[in-house]
Structures are given as C-alpha cells and as structure tokens.
Amino acid sequence: MKRFSKLVIKYRVVIIIITTLLTLVSGYFLKDLQINADITSYLPKSDPVVKLFDQIGEQYGGTLIALIALETDDIFNKETIEKINHLTQEYKKVEDVSYVTSITNVLDIKTDEEGTLQISRLIDEYDLPSTHEDLQELKDYILSKDMYRGRLVSEDAKATLIICCLQEGTDKMKTAGQMKEIIRNADVKEKVSYGGIPFQMMDISEIIQDDLKLLLPLVLLMIFISLLFAFRSLRGVLLPILSVVICTIWTLGLMSILKIPITAISNIIPVILIAIGSAYSIHVISKFNEDVVTEEDRVKQSEKALSEISIPVLLAAVTTMVGFVAFAFGSYLTMIREFGIFSGLGVFFALVISITFVPSVLSLLPVKRRISSSNEDDSKRKNGMARFMDKISEGVLKNEKAIIIGSAIIVLISIFGIPKIQRKVDMLDYFEPGTSIRLAEELLQSKFGGSIPIQILVKGDIQDPVVLKQMKKMEEFLKSQNVHNPQSVADLIEEMSYAMGGGKGIPDSKDKVSNLWFLLEGEDIMSQLVNPDKTEALIQATITTVDTKQVRKLVGAIEDYIGKTNTSEFSFTQTGMPLIYQHLDDSIILSQVQSLIIALILVFICLLILFRSFTGGLIGLAPIGFTLVIIFGFMGLSGIPLDIATVLVGSISIGIGIDYSIHFGTRFRREFKKAKTEREALEKTLETTGEAILINVITVMMGFLVLIFANLIPLRRFCILIAITMVGSGVGAVTLMPAIILLTKAGFVGSFKKFINKAKNHMKRS
Amino acid sequence: MRQIMQQVQNLIMKISKEDIMIKVISYCLLSLMVFIPQGWAEDMVPTASKIIEEVDNVINAPKDQDLMIKLILIDKNGKENVREMNMLQKGSDKRMVKFLSPASYKGIAFLSLPDDVSYLYLPAFKKVRRIASHVKNTKFAGTDFTYEDMESKRFSEKYMPELLRMEKKEIEVEMQDGDNESNKKREIEFYIIKLIPQEGVRSDYSKLIMWVRADNFYPTRIEHYDKGEKLFKIVNRDKIEKCGEYWISRESEMEDLKAKHKTVMIIEDMKFDSNLPDSKFTERYLSR
Numbered sequence: 001m002k003r004f005s006k007l008v009i010k011y012r013v014v015i016i017i018i019t020t021l022l023t024l025v026s027g028y029f030l031k032d033l034q035i036n037a038d039i040t041s042y043l044p045k046s047d048p049v050v051k052l053f054d055q056i057g058e059q060y061g062g063t064l065i066a067l068i069a070l071e072t073d074d075i076f077n078k079e080t081i082e083k084i085n086h087l088t089q090e091y092k093k094v095e096d097v098s099y100v101t102s103i104t105n106v107l108d109i110k111t112d113e114e115g116t117l118q119i120s121r122l123i124d125e126y127d128l129p130s131t132h133e134d135l136q137e138l139k140d141y142i143l144s145k146d147m148y149r150g151r152l153v154s155e156d157a158k159a160t161l162i163i164c165c166l167q168e169g170t171d172k173m174k175t176a177g178q179m180k181e182i183i184r185n186a187d188v189k190e191k192v193s194y195g196g197i198p199f200q201m202m203d204i205s206e207i208i209q210d211d212l213k214l215l216l217p218l219v220l221l222m223i224f225i226s227l228l229f230a231f232r233s234l235r236g237v238l239l240p241i242l243s244v245v246i247c248t249i250w251t252l253g254l255m256s257i258l259k260i261p262i263t264a265i266s267n268i269i270p271v272i273l274i275a276i277g278s279a280y281s282i283h284v285i286s287k288f289n290e291d292v293v294t295e296e297d298r299v300k301q302s303e304k305a306l307s308e309i310s311i312p313v314l315l316a317a318v319t320t321m322v323g324f325v326a327f328a329f330g331s332y333l334t335m336i337r338e339f340g341i342f343s344g345l346g347v348f349f350a351l352v353i354s355i356t357f358v359p360s361v362l363s364l365l366p367v368k369r370r371i372s373s374s375n376e377d378d379s380k381r382k383n384g385m386a387r388f389m390d391k392i393s394e395g396v397l398k399n400e401k402a403i404i405i406g407s408a409i410i411v412l413i414s415i416f417g418i419p420k421i422q423r424k425v426d427m428l429d430y431f432e433p434g435t436s437i438r439l440a441e442e443l444l445q446s447k448f449g450g451s452i453p454i455q456i457l458v459k460g461d462i463q464d465p466v467v468l469k470q471m472k473k474m475e476e477f478l479k480s481q482n483v484h485n486p487q488s489v490a491d492l493i494e495e496m497s498y499a500m501g502g503g504k505g506i507p508d509s510k511d512k513v514s515n516l517w518f519l520l521e522g523e524d525i526m527s528q529l530v531n532p533d534k535t536e537a538l539i540q541a542t543i544t545t546v547d548t549k550q551v552r553k554l555v556g557a558i559e560d561y562i563g564k565t566n567t568s569e570f571s572f573t574q575t576g577m578p579l580i581y582q583h584l585d586d587s588i589i590l591s592q593v594q595s596l597i598i599a600l601i602l603v604f605i606c607l608l609i610l611f612r613s614f615t616g617g618l619i620g621l622a623p624i625g626f627t628l629v630i631i632f633g634f635m636g637l638s639g640i641p642l643d644i645a646t647v648l649v650g651s652i653s654i655g656i657g658i659d660y661s662i663h664f665g666t667r668f669r670r671e672f673k674k675a676k677t678e679r680e681a682l683e684k685t686l687e688t689t690g691e692a693i694l695i696n697v698i699t700v701m702m703g704f705l706v707l708i709f710a711n712l713i714p715l716r717r718f719c720i721l722i723a724i725t726m727v728g729s730g731v732g733a734v735t736l737m738p739a740i741i742l743l744t745k746a747g748f749v750g751s752f753k754k755f756i757n758k759a760k761n762h763m764k765r766s
Numbered sequence: 001m002r003q004i005m006q007q008v009q010n011l012i013m014k015i016s017k018e019d020i021m022i023k024v025i026s027y028c029l030l031s032l033m034v035f036i037p038q039g040w041a042e043d044m045v046p047t048a049s050k051i052i053e054e055v056d057n058v059i060n061a062p063k064d065q066d067l068m069i070k071l072i073l074i075d076k077n078g079k080e081n082v083r084e085m086n087m088l089q090k091g092s093d094k095r096m097v098k099f100l101s102p103a104s105y106k107g108i109a110f111l112s113l114p115d116d117v118s119y120l121y122l123p124a125f126k127k128v129r130r131i132a133s134h135v136k137n138t139k140f141a142g143t144d145f146t147y148e149d150m151e152s153k154r155f156s157e158k159y160m161p162e163l164l165r166m167e168k169k170e171i172e173v174e175m176q177d178g179d180n181e182s183n184k185k186r187e188i189e190f191y192i193i194k195l196i197p198q199e200g201v202r203s204d205y206s207k208l209i210m211w212v213r214a215d216n217f218y219p220t221r222i223e224h225y226d227k228g229e230k231l232f233k234i235v236n237r238d239k240i241e242k243c244g245e246y247w248i249s250r251e252s253e254m255e256d257l258k259a260k261h262k263t264v265m266i267i268e269d270m271k272f273d274s275n276l277p278d279s280k281f282t283e284r285y286l287s288r
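Chains as they are written, first to last, in my numbering: chain A, 1 to 766; chain B, 1 to 288.
Looking at chain B on its own, in the form it has when it is part of the complex (with noise of 0.2 angstroms):
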C-alpha cells in the first residue's frame, strides 16, 4: 500500500512540472494525504516526502510571530556570553529582529523582507543600509547559526528526503494541559530522515539527519553534514510545548563541534497570530 502510493505520488510529482493541471491534482492529493485521519493509516508509515512536508506545515504553522529572544553564546571554556532579541515574523518571508541587549547592540535591526531583500540599522551611525544577503554560510550575531539556519525557507523546498528508519526513544514531554505528573517522561516514535540538499541549492551542508516525532512531527534534532560528510552541527530542541494551536521549541541549542562553541536559544514570550501590521516591516520601523 505504501509502496503504491509512493510510486503514484512520485509519478505525479513527475508529471505535475508539465501540466497545471495535474500540479493542481496532485496538490489535492498531497494535502488529502496530509490530513488522512491517524487512526486511518495505524500500521501506515508515511514517506518521507510527507513527514517532511509535515514538519514544515508544524513549524511554520503561525500566521504571524511576535517573540522576545534570549541568546546564550557559550564558547569553548565554557564561558556564557548572553543577549537579547524581539524576533517579528509574518509568513515566512517577512522578518524583523532587533536587539536588546547587551547595552552595546541595543537598538541594531534587521530586516528581512521577500527576494533576499535586506537591510540593516546602526544606531550609533543612525543610518539603514540595504546589504546584500547572499552570504549564507556568515554566523548570524556571533551565534552558532547562520543565515542558512536562520532562513524560513521550508524543508522541503530545499531538500530531498529520506526515511532511514524509525526508532522509539524515551524523551521528557512537557506536561500539557490535563496531563498528569507521571506522563512527564514518555517513549515516543521517531522518523529519522536524511536531507540532501536539492539540485540547485546553495547550502553549506552535505546533507541533514532530522529527528522527527511521530506524534506531532516537530523535528527535535538536526545533525548537519559538513562538505566532507563530516558532522559538524548539531541541532537540538527542547521543551517542546503546545502553546494554543501550534507547537514550539521555547528552548533549542546549536552546537558547533568544529569551534567547540554552542548557542542557546530561549524563547521567553510568544504571541501567534497577533495581526502584525505590514508597517511593521519596513525601513521605517527599523530605526524606531
């Protein structure tokens, strides 16, 4: 059965690059497939290409994203260096960052808007200047992410998916709503996919190997493959939380192994889908 679908999902996915048409069938069969009932596919595993496809339904699944930031750089001596960001986002293309702390960057902005349009603000030059965005592999504020990292573009838009295998692991679930004390640790189901960049793509990694829950497909951790099939990054997210309608990490950690040197991400507040206005995104708002 599965076997099936995939030839005939791939078949489609051949076809649909010629005719509109089929594109628009095969769009229609794809979101069916995303939305079958679980209890309707029990002994069904999905393929890859779903799992994917889900994951970044997961993650980008708010309209709009209001979040303060806190950042903890640890080097390789173990010494923490901390700041603060206020990250707005709409969509996935419309990005605002601005930073708080530490006193020395307060008010530096970023803004990203679609077409690899960008700009920056300086508040010791007053001035905004476009820059050129083209340099993904650049470390992002001294953090373990680059802009690659950093950039909203979906899974599966860059990559072409693998399942590897699937594996049951004992992880810590953060209580929700109703759950009681002993729920806290549960054994959870694992996809683990291998991402390989597609024909095209720009990116500095080989490829990725994603940890994906079975339960929600929130990815909980990425391996990243330097050039030299090397592991050189790893992605972990913790305290995987359901905040209203969507689910999110409120804590992640980057590691690079090459630098020894580690990220901390922790998100301290939240609003979804609060409206942003558009206003919000403009060279204007970046000095303000």
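Just chain A, with the same shape it has in the complex (with noise of 0.2 angstroms):
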C-alpha cells in the first residue's frame, strides 16, 4: 500500500488530466444511452419460453397489442365513427404496425335477406354510416354478435377499441410514441385512453428519466447537506459530490458504449453510486484533515495517510462489490445481471477514483487551517456524540442478554412475517392508482376483458375438422378460466359455414373445410391465426389481471387440460404474457435465493480472510443476518411485495451492511488488544468507529430516502427497505455484535483471560 500511495502522489497531476480525460469522453457518449422498459426483455433471450414467444411474434406479425380507447355517450354516432375510420387508416400507415383491427375494418361474415354471402369489412370505409337509422342498424348487429360486443365495441356501446399488433423486434416504444402523436394529430372529441403493454413501456420510461432528472439533483443534495454538516468546509463538499459524478459518468457512459441500455433497475444505479459512492471519498479526506497537517510535509503526510486509510476503503467497497456481483452470477434475469455488474463497476470506479483522484487533488491543495471558533463547536459536538457512544457503550456491557433475547425476538415476530411475502411481476403495479395507465387498464379490464394477450399455440392439420373442433374446445375452455375474446381460424370457419348454409359448428368434411378455406385465404386476419402452412394455428386472447396466484393458476389450468387432450394428431402449445410473468415471477424467487446464498458466501469469506476465525466471520455476519430477516418480516407484515426491484435488497443489504461489522469488528480488536478492560475496548470503539458508523448509517439513508420520491413504485419500496438496511446493520454492528461478542467471549477479539473477571461481574452488579 505504501508504494501504491507513492505512485498516487507521485503522478497526481497526470492522474487528474487522466481522470478529466476519460470523464469527458465517458460524458460524451452519455447521449446515445437507451432506455429500455421492455418487461419481456427481462428474462434472457435464450429462455424456452421467450423464444416461443418470440418465434410466434415473428411468425403471426407481433405478440404485443397496443390499444387505443375512444369513449364517448354513444360511439355510433356519425363522427365517432368517421374518427374510428380515419385513425385506423393512419395506424395502417405506422411502420411498425402490422395489424389494424377496428369496427372499420374488421372482417364480417354474413349473409342479408336475399341470400347474398357477404365476406367484408364489417364497415364500408367508403361508404359509413351516416343517417340514423343506419348508426342505430349498425349499433344492433354489432352488440348482437359475440365476435365485436365485449371485443371491439363495449357492451353499453360507450367505448369502442383500435387494436394494434406490432410487429416483433422493433422498437415498441417509439411507435408507441408514434400512435399517440397521430391522436393528437387527428383534433379527436372522444375521450381517448392507451392500454397495453407498449403504452406502459412508454410510460415507465418516461417515468425513469423523470425520475433520474428528479432524484438525482436531490441526493446530491441531500450529501451535499450532510457533508457540510460533517466537514464545514467546501473541499469536503465539493471533493465527494465530484467523485460521485464522475464515477456515475464513467458507468453509465460505459453502459452507453457497450449499448446497455438503462432498465427500470438499473435507473437506480446512480442513486446508488451517489449514496454509497461518496462514503469512500468521505473517509479518505477525513483521513487527509485528520494527518496532513504541516504545509512543508505536506507530499509525505498524503502518501502516509493514503497508505494507511486505502485498505479499509478497499475492504469496504470490495465487500459492497461483492454484493452486486452476486446477482450477476446469482440472477437469471437479464437486467438484474446487468444491475449486477454495472452498480459492481460503479462502486469499483468509485474506490479507483477517492484512491486515486481524490488524494491528488487532496495533495495539491493547500493545508487545510483549523478556525479555532470551529474547532470548538466540533470538540463540544464531539462531547455530546461521544457521550452519547459511551452510554451506548454502557447499554451494550449491562444488557448484552436483553439485547440478544431483544434480537432474537424482532426476529421471531419477522419470521413469522416472511412466509406473507407477496410477489408482485405485473407491470401496472409500477405506476399509482389513479395514474391515466392504470385508469385505462381498468376501462379495458371492465369492458373489454384486459389487455394482457395469451396465445395457444396448435400443431397439426388445422383443416381437419377435428382440431378445428378441438380448437373450439380450448377456447370454450378458456372462458371458463376467465380468459376473454379467445379467437382463432375455427371462428371464422364456423361462421363461414353457418354464412354458407352449413348450419352451425364446424363442417364435418375437410373439403368443406378447405373450400370455406379458399374464401377466407388473402384476408389480413388469416396471417395472425394460421401458419402459411396450415400445420400451426393460434388462439389469441386476453385477460385482465397479471397477479401472480391468479395468473399461476390459470398457467396450471391450462397445462392440465392440454395434457389430457393433447394426441399424436395435434398438440397445444400455450404461451403470451402470463407464461411469461410466470416465468419472472420463477426468476425472480431464484434469483433472491441464489443472490443471497452466494453474497453470504463471499461475505463470509471476506470476514474469514479478515478475522483469520470462523466464529469471528459467524458474528460478522450476524448484524446482517439480523437485517435481513428484519427486512423479509417487514416486507411480509407491512406488504410491500418482492417484485423486480425489492429483490434487489437482500444483496445489496449484505453488500453494504457488512462495512459496519467489518469497520467494527476490526476496531474493537485493536483496541482489545491495547485496552485493560472490555468496557474500555468498546467505548474507545464506539467513540471512534462506532460513531463513523452512526454518521455514514444516517448520511447513505438521506440518501436512500430522496428515492421516496420516486414516481417508480418498487422504487420507493426499495428505498424503504434500504433504509431499513442501513439502521438494522449499523445498530446491529454496535449493540448485536458487541453483545454477541462479549457474551461468547469469541476468541477472535483476543483473549478474554487477559482481563480480571471480577472486574466485569463488579460492573455488571452496578
């Protein structure tokens, strides 16, 4: 470390023009940097059901539905109408919009009074409505038919649906963007409203660069406040905020040149740089204040007191690394790896930078001169603090039993909280009640039947009657499971059939089939519902809520049912969001556990190579244990449930509650080492490091606590349940640890024999 701290001052100039350096070039690429709210990107691309998902996107022109609602008293009414005609067409024209479907062009069959079979749109564009008798003829026959009430018109004829299908592997948002500027393009009356999962893309990433705009300035704040509490002086301001910066420039400008976008996780990434980030730079300039004193010696004191102050803010940040690099290898989600790695970079960029940048500056600048009027108030500050440690310390000697027994008891209540945990993967759940998405999430859910689309993929002959029987099975099926509007080839066959004169059901005949076949070969609709083939078929639907029970029994239902009636003639298949959230919902279980058990790992290790004990790295992990159970049971009893942010916490918790009992454990055993009695040991640590810890836990929640403000709820949560971290581990690290500590009489610490245990029973009576 010595020779390390010698380069530092060595090449301090050479390192700021480095730092400067790669700091522009990292802020020029900041630019081009993506956002991307796209939930099925979540899970990896490689995953069996995202690849179904995606092969039957490419296949029948696009698994995502975006919709657009127009209310209004009575949507048969001549200008509705024209405005419903005129918005599909321009929908047409979007690039990326491969299907239309609305009242205007929606395919009818059927046959008038003379006989004549009609196989059209069901609204003549050329030709639309406009007298009353003809909106209310219109109105009549399309409440009466199955295939447009409920689907495409509301029963109280109040709101009528365009359906977009976007086409796979493009970019959703912007054309959802796209279809919102041609709304607002088209001076429309009716009431309008967005629905489906491209318009909740949108609007998440709105809500991300609001947040970031937002947030940002205010945790800076917020640290910015703190620090001058902390240091009165505007080195120990400025110093932090502008290693925080950078080293926030310097990750998400490498996410922007390696092309990864920010995601509703990794948006919290700066947050988390800036709360924690600063804590680094924090240590190392009061180190600076504390031995760089003389303007003479001033180069040798730097590289004295870098040496000696890099290997705690060494170990600190590789245990917080340690932390997120365990959801890189722990998580099976896409963007929580990516979460991972980055925040893992952010909180190394920051170690390289209050090491490296901050000394330099540090060393260039002139002696910091101690205003006597100052140094006062901070001795009379430090008074009352190290009172305050002391009775702490008192707390801990005369209660180390009640501690523990108070511990074990916060935690048996918060056990019984954990098996409460709710799991929560539905999109919606990001915005508030109330919020223009969610309020047309429940106009599409009360009249339309959802938005969220399900697919059921068939193989075999699908001219043959009997899949195509079976087909209508399933549907059947399905609406016994709350699922909405399923449709497929079998609907439209039986309606030609019945249009034909071949009474109702599917024909019995596959020439049949194949002649009603020839009528229907060309039309738009085909292509989402057959293969060209005629081998696959879909029956596309949709349902109203995501809530992972419900969804988890639908999913089981239709798993059961395909298994009885798939045969060697044909099989289903299911897919479409529900499958797919419960598959996150899977990960994200899995990545909880596995990101925990491996960051306990590694922590565990770090603690074994630092205290050279095994008991020693039991009680160091036990401030953290305690928190997290504490965070568990409180996510358990209060609700807040584990969803793709919240999962994030248990990591993250370990990597930064684990400072504490490091900070803690190394302190208290070089002062066992000097002190005569165990009282001493622990109020000398408490005063010093206990105190540091008590400042950072308070400071890095400050920080935490801005993100309430977050317009993005798992956001919020996780903030909360941060904050919980911060105070669980750091009164954990100064009351659990020491009372476990003296209670074992742990050996690690040093050997208890030394002291007279007398002594301490005399205290204790006391």
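To be clear, the hints were calculated from the coordinates, so they are not data collected in a lab.
There could be a bad hint or two in this list.
[As the list claims (entries may be wrong)] Heads up, simulated DSBU-like pairs for lysine-lysine below, C-alpha to C-alpha not over 30 angstroms straight-line:
1. K191(A) x K227(B)
2. K230(B) x K189(A)
3. K98(B) x K534(A)
4. K106(B) x K469(A)
5. K106(B) x K93(A)
6. K153(B) x K51(A)
7. K78(A) x K227(B)
8. K93(A) x K126(B)
9. K79(B) x K93(A)
10. K469(A) x K126(B)
11. K127(B) x K472(A)
12. K93(A) x K153(B)
Since the model is a prediction, treat every value here as computed from it, not as a measurement.
From the two separate chains plus the hints, produce the assembled complex.
Quick look at the structure:
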C-alpha cells in the first residue's frame, strides 16, 4: 500500500488529467444512452418461454398489442365512426404496426336478407353510415355478435377499441409514441385511453427519465447538506460530490458504449453510487484532514494518510462489490445481472477515484487551516456524541443478554412475517393508482376483457375438422377460466360455414373446410391466426390480470387441460404474457435465493480472511443476518411485495451492511488488544468507529430516502427497505455484534482471560 | 403543337359533359388521334390521356379470352404454392374463373357479371351463392392481387393520368416471327405515367406509376402507392408477346412489399375471339 500511495502522489497531475479525460469521453457517450422498459427483455433471449413467444411474434405479426380506446356517450354517431375510420387508416401506415383491427375494418361474414353472402369489412370505409337508422342498425348488429361485443365495442356502446399488433423485434416505445402523435394530430373529441404493454413501456420509460432528472439533484443536495455538517469546508463537500459524479458518468458512459440500456432497475445505479460512493472519498478526506497538518511535509503526510486509509476503504468497497456481483452470478434475469455488474463496476470506479483522484487533488490543495471557533464547536459536538456513544457501550455491557433476547424476539416476529411476502411482477404495479395508464387498464379490464395477451399454439392439420373442433373446445375451456375473447380460425370457419348455409358448428368434412378456407385466404386476419402451411394455428385471447396467484392458477389449469387433450394428431402449447410473468416470478424467487446465498458466502469468505476465525466470521455476519430477517419480515407484514426492484434489497443490504461489521470488528480487535477492560475497548471503539458508523448510516439513509419521491413504485419500496437495512445493520453492528462477542467471549478479538473477571462482574452488578 | 392539341382536347372534354353532340365529335376527334399513323407524328409525344387510352385499348383488345392460368404464390421465406385456373372473359365485364388445382380448391368457381353481380360456387357445399363484391381490397384467392387489381375497368375511367417523363431502357423482347436472334435485346422507349384516382372512385391506392412501352403501348410495370404515399405493390409484366393481333404478357408478377409476398401469374394457354357463348357466363355453368 505504501508503494501504491507513493505512486499516486508522484503521478497526481497525470491522474487528474486522465480522470478528467475519461470523464469527458464517458460524458460524451452519455447522449447515446438508451432506455429499455420492455418487460419481455427481462428474461434472457435464450429462455424457452421467451423463444417461443418471440417465434410466434415473428410468425404471426407480433405478440404485443397496443390498444386505443375511444369513449363517448354512444360511439355510434357519425363523427365517432369517421374518427375511428380515420385513425384505423392512419395506424395502418405506421411502419412497425403489422395489423390494425377496429370496427371499421374488421372482417365480417354474413348473409343478407336476399341470401347474398357477404365477406367484407364490418363497415364499408367508402360508405360510412351517417343516417340515424344506419347507425342504429349497425349498433344492433355489432352488439348482437360475440365477435365484436366486448371485444371491439363495449356492451354499453360507450367505448370502442382500435387494436394494433406491433411487429416483432422493433422499437415498441417509438411505435407507441407515433401512435400517440397520430391521436394528437387527429383532433379527437372522444376520450382517449391508451392500453397494452407498449404504452406501459413508454410511460415507464418517461417515468424513469423524470425520476433520474428529479432525484439525482435531490440526492446530491442531501449529501451536500450532510457533508456540510460533517466537514464544514468546501473541499469536504465538493470533492465527494465530484467523485460520485465522475464515477456515475463513467458507469453510465460505459453502459452507453456497450449499448446496454438503462432499465427500470438499473436506473437506481446513479442513486446507489451517489449514496455509497461518497462514503469512500469522505473517509479519505477526513483522514487527510486528520493527518496532513503541515504545509512543508504535505507530500509525505499525504502518502502516509493515503496508505493507511486505502486498506479499509478497499475492504469496504470490495464487500459492497461482492453484494452486487452476486447478482451477476445468482440471477437468471438479464436486467438484474446487468444491474449487478454495472453497480459493481460503479462501486469499483468510486473506489478507484477515491484512492487516486481524490488524494491527488487533496495533496495539491493547501493544508486545511483549523479555525479556532469551529474547533470549539467541534469538540463540543464530539463530547456530546462521545457521551451518547459511551451510553451505548454502557448499555451494551449491562444488557448484553437483553440485547440478544430482544434481537431474537424481533427476529421471531419477522420470521412470522416472511411467509406472508407477496410477489408481484405486474408492470401496472409500477404506476400509482389513478394515473392515466392504470385508468386505461381498468377500462380495458371492465369493458374489454383486459389487455394482456395469451396465446395457445396449435400444431396439427388445421384444416382437419377434428382439430378445429378441439380448438373450439379449448376456447370454451379458456372462457371458463376467465380468459376473454378467445379467437381462432375455427371461429371464422364456423361463421363462414353458417353463412354458406352449412349450419352451426365446424363442418364435418375437410373438403368443406378447405372450400371455406379459400374464401378466407389472403385476409389480414388469417396471417395472424394460421401459418401458411396450415400446420400451425394460434388461439388468441386476453386476460385482465397478471396477479401472481391467479396467473399461476390459470397457467396450471391450461397445462392440465393440454395434458389431457394432446394426441399424436395435434397438440396445444401455451404461451403469452401469463407464462412470461410466471417465468419472471419463478426467476425472481430463484434470483433472490441464489444471489443471497452467493452474497453471504462471498462476504463470509471476506470476513474469514479478515478475522482469520470461523466464529469471528459468523459473528461478523450476525448484524447483517439480523437485518435480512427484519427486512423480509417487514416486507411480509407491511405488504411490500417481492418485485423486480425489491428483489435486489437482500444482496445490496449484505454488501452495504457488512461494511459496519468490518469497521467495528477491526477497530474493536485493535482496541481490545490495547485496552485493560472490555468496557474500555468497547467505549473507545464506539467513540471512534461507532460514531463514524452512525454518521454513515444517517448520510447514506438520507441518500436513499430521497427515492421515496420516485414515481416508479418499485423504486420507492426499494428505498424504504434500504433505509431499514442501514438502520438495522448499523445499529446491529454497534449493539448486537459487541453483545454477542462479549457473551460468547469469542476468541477472534483476543483473549478474554487477560481481564480480571471480578471487574466485569462488579460492573455488571452496578 | 402538342400543347394546342391538349388544350383543345381538354376544352372538348369539359364541354362534352353538357353536350351530347360535342361528345360525339370529341370521340371522333379522340379516335382520330388514336389512329394517327406513327410516322405522321414522329417527333410528337402523345398526351398522357392518349397514352392511357391506348393502354386500355391494347389490354382490352380481344373480344373474348380463354386463358389457362398458373398462379405461383411465393411467401417471404421463398416457399411456393401453386394453383391453376381457367379464366373466361367476354368483353370487359363478364368473367368466369374456375379453379383446377390444388385438389382442395378444384371446382371452386366465380362468376362476375355487369353491375357488380357476382356468384360463387363451392363444390363441397354444392351450393351457388351470390356474393357481395364491394370489397375491393380483399386479396383474391390468397394472391397478392386484390379484387380491385383484378377488375377489368379501363384505366382511363378510373384515373387521371399525367405524363412524368420518358425513358429509354434495354429490355428483352420476345422473338416474333421473322425476327432474328440478335433482336432479342432492344432499347425501347417508355412513357412513365402517374395515375391518380378520379374523384369518387374507390381505390386502395393513392397513385400508380406506370411504365408504358412506346412501341406498343403495353404497360410493363405498375407501381402501386398506398394511402400513406408509400410504394407497397409492384406489378411487372414480362414475356410480352404478340398473339395473333393482340399483345399479351405471358408472365406477370405482383409483389407486395409490406407482406414480402409475391404472386407470379403465368398464362399457360390462351385462345382469343373464340366467340364464347353467353351460356358460359351463367349461374348454371358455375357448378359444371
């Protein structure tokens, strides 16, 4: 470390120049940073569920739908119909929209009074109904048909839908943006709502940007204030802020260069870096303030200060990185892995900056002069703080058993809460109730059977009446499971057969089916429902909720049904969002468990190396174990679900919280060796490191609490949990950890035998 | 000279709506123009309307046609699907289409009569049904041709033409009797014409751009633009041969750029002016 610090001080000017250059380059690339809110991309592309989903999207013109709902007193009026027609035409022109379905262009099959077969658009775009009678007739007809009622027009005729299928593998948010633009330009008098995942993504992405714009300055402000109180100097405030800004720019710049987009999870990275990264430079600055006192020996003293402080800073950073890297190995979800890798890198950058750039600048600055008045204040404050810390140590010594029992009770209560933890992967859950996207979804749920697509892939000879009949049966089954608006080529064949005078139901011969098929061939809707070889077909439907429990039940029920009906002649396979969600849900649990275990093991190894003792390692883990149980218990009891953001809390807690155990453990060991009594060792440790821990807890907590103002709900929950982590592991480190050490007389801190037992007993009694 | 002619013609067209007499005269004038010998107007470029008139005449020249047609449907993966049909047409408004293959479509027949009267026969149902034919943008039998593309309406009745430019292009010209081998590739002059649907005409297209051979007025390429003014379908007509008195493209291709789908239409056999009887264009004949 001495060589390292000599090098740093020697090349300090070079370091400052390189840092500046790197920052400028990364800053330049920031402009290309992409935002990705696509929920299907959370799972890796190689995932079988995602693969099938994408394949189907490719084959059938896109699996994601964007819905535009128009609402008015009665949509069957001349202007509204004209507007729907206009919008339908406009949407068709949008580059990445593969299919548009609305009442003005949907395929309609019927026979009129004279027995003329009509295979046409439901409404003739060149001859829109305009008279009252025409409109009434249209209304009666549409509401009489299952194909349209509750699918394209609500039962009360107050709302209608334009359904757009988005091409696979395109920028869905861009398309959603174009669709909104079209509405803005069309002077729509009706109330417009936007539903479906593409619009949700767009809103999420906007919220992410807003959150970043609003929260970053706020976090910086909080840190600014805390630092001002701690250091009362410009360098003490500006340097940590500068260093976190630099490491954030590096991290985001690198993401941009590597073309890795910001997601609903990784948008936390800047905030995390600011909250965590500032701590490292703070340690360095305070050490410099302490040790670099004379102008003449500035360089020498700087070298010494740096070599002493870089070890604890390095350790703290490494354990935090371990917490993040655990995600990279422990998570199946792409976006969580990316988050882990880049947060880890960010912490690494923060470390590098705090032990190279910050000392370089510090060693160039004139020695800090101490103003006598502030010195007085300082000592007063310290006295107050020290008294408080002394009280804590007294309390710990007196009540070691009570602390442990108290902690045990808290742990027990928490354990009771853990099974109650809910899981949520619903994108809608990101938004507050009452936001336009939630209202739109509620409208879609109550009037149109939801916006979440579900598909059943059918393999077999699709023109075989047996297969078609099975498809109809499957549709009936889906309806019984609260799946809405199932639609397949079987429905079209049935309609067509009826219109041809073949009676209701699927015709009984393949010849008839293929004759009818001839009339449907080339219709837009056919390519959404059948492959060109007629060996595969889709049953498309929607569901209203992605509530984890209900989705699980539905997916299971469909799976059972499929298991019973599949034969060698034909097969059903389910796909669509419910399966994606269920897979996400499974992965979240798996991610949680795996990354927690990995983080715990890695951190334990760090502690083992540090304390060179197995019990020492275990005791070091105690505060964080305590905190983890509280966090999960709290989640269960308060109803905070495990979602894509809160799933991160466990491992992040380990990474951050372990720092306190390390700081406390190392200092206590050092003081223990010097001290005459346990009390003296504990008091000294708490006055120095203990105080630092509590200040750190408060500063970092302030940083995270800013996230309470985030618009993205998972982020908000995330910050509450992290705040609990800070308090839990901080307080745990200064109370629970010493209590356990004292009670077990663990040997890793030194030999307890050197103290006179009497003294301790005496103290206890008093 | 050309401008004067056009002005006169426009004037005549305007007046003609009101006065039958003038209409007759204008027709005479127009037909006179049509039959002006080419040598007479060597350096004179015909007007757009005249070119389209000629195109219509060339395409609709036969009194009746009996064609054996092979349709090859090619999807975006290059997979081919073949169907064969027999098409009988009398004048421009009577047409009978019968499918011969694939087996599942054999016997399916369509009959189109004047005034948008159409009938359909499905052999598996053994039923003739009248069908409403107002859906112009429906694709015909899985091809890239819509019913609008298939209708035999004259371009001059549907579109407003405008001559954009002339272009010389070397193309392969099918050999005719007496031509020798070296004549196969020839540089031919083309009129490039923009067609915009006339007011009140229902069309799926915002405009067509048509390449017309100056030597025989046969349209060899038509680009179809959708309502967003984007090119979305292209027809290419190849193997333009003279069969008796009439020019015909033995092989044409329609490509749908948006669906990445293609249809090749090959005329395998043809008979012209064989005096098809009206009885072949009846409901009864549909099911035979």
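Hint check results:
This hinted pair checks out: K191(A) and K227(B) have alpha carbons roughly 27 angstroms apart, not beyond 30 angstroms. Under the criterion of a C-alpha separation no larger than 30 angstroms, the hint pairing K230(B) with K189(A) is consistent with the structure, at around 29 angstroms. For the proposed pair K98(B) and K534(A), the alpha carbon gap of about 23 angstroms is at most 30 angstroms, so the pair holds. Restraint check for K106(B) and K469(A): satisfied, since their Cα atoms lie roughly 25 angstroms apart, inside the 30 angstroms limit.
Note on K106(B) and K93(A): the hinted pairing is violated, with a Cα-Cα distance of about 37 angstroms set against a maximum of 30 angstroms. With a C-alpha separation of about 48 angstroms, the suggested pairing of K153(B) with K51(A) is violated against the 30 angstroms cut-off. Only pairs whose Cα atoms come within 30 angstroms are accepted, and K78(A) paired with K227(B) is accepted, the gap being roughly 22 angstroms. A hinted pair counts as satisfied when its Cα atoms are at most 30 angstroms apart, and K93(A) with K126(B) does not qualify at roughly 41 angstroms.
A hinted pair counts as satisfied when its Cα atoms are at most 30 angstroms apart, and K79(B) with K93(A) qualifies at roughly 27 angstroms. As the CA atoms of K469(A) and K126(B) are separated by approximately 23 angstroms, the hinted pair is consistent with the 30 angstroms bound. At roughly 26 angstroms between alpha-carbon atoms, K127(B) and K472(A) fall within 30 angstroms of each other, so this suggested pair holds. Simply put, K93(A) and K153(B) have alpha-carbon atoms about 27 angstroms apart, close enough for the 30 angstroms limit, and the pair holds.
When the structure is compared with the earlier hints, violations turn up for hints 5, 6 and 8 and for no others.
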